[in-house]
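For the sequence shown, the residue numbers in the numbering used here are 180 to 305.
There may be inaccurate statements among the hints.
To be verified - Have a look at the derived ranges for each label pair, beta carbon to beta carbon: (1) 245 - 291: 37 to 43 Å; (2) 296 - 205: 31 to 37 Å; (3) 245 - 300: 46 to 52 Å.
Keep in mind the hints are simulated off the structure, nothing from the lab. By construction, the Cβ of each residue, glycine as well, lies at the ideal position given by its N, Cα and C atoms.
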Amino acid sequence: MPSESQPYADGRQPDQDRPPVADRLDDDHFPAYTMGRAAELVGATPAFLRALGEARLITPTRSDGGHRRYSRHQLRLAARARELVDQGTPVDAACRIVSLEDQLEQAERTNEELRRQGAGTVQGHR
Numbered sequence: 180m181p182s183e184s185q186p187y188a189d190g191r192q193p194d195q196d197r198p199p200v201a202d203r204l205d206d207d208h209f210p211a212y213t214m215g216r217a218a219e220l221v222g223a224t225p226a227f228l229r230a231l232g233e234a235r236l237i238t239p240t241r242s243d244g245g246h247r248r249y250s251r252h253q254l255r256l257a258a259r260a261r262e263l264v265d266q267g268t269p270v271d272a273a274c275r276i277v278s279l280e281d282q283l284e285q286a287e288r289t290n291e292e293l294r295r296q297g298a299g300t301v302q303g304h305r
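Let's have the full structure, built from the sequences with the hints guiding it.
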């Protein structure tokens, strides 16, 4: 593995705009998984992942060669959709449910962060 100051094995220089490797590995939204690996982890077929893309539940990043790349966050959404489909829910309905669940989770995280910020502001003004 190249260091941040050494060129890559193919001669490219490290991208100054990209975060360090450790940060990318911790990033839930970093597109680290190929379609085949993603399908294996979710326990689905590549066609199922493509169907989730067509339903706009997940939009994989494309590599320079045009191959789909999925993040851990996208794999969690896909796994939840697969659970619902396995229970008999149509793919489109499963995608809508998972999308709404994800939006709710994000809103709850935002609300909690705002509560923490508000509590810090109130304590700072006493």
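Check: Which numbered hints does this structure break?
Finding: Violated: hint 2 alone.
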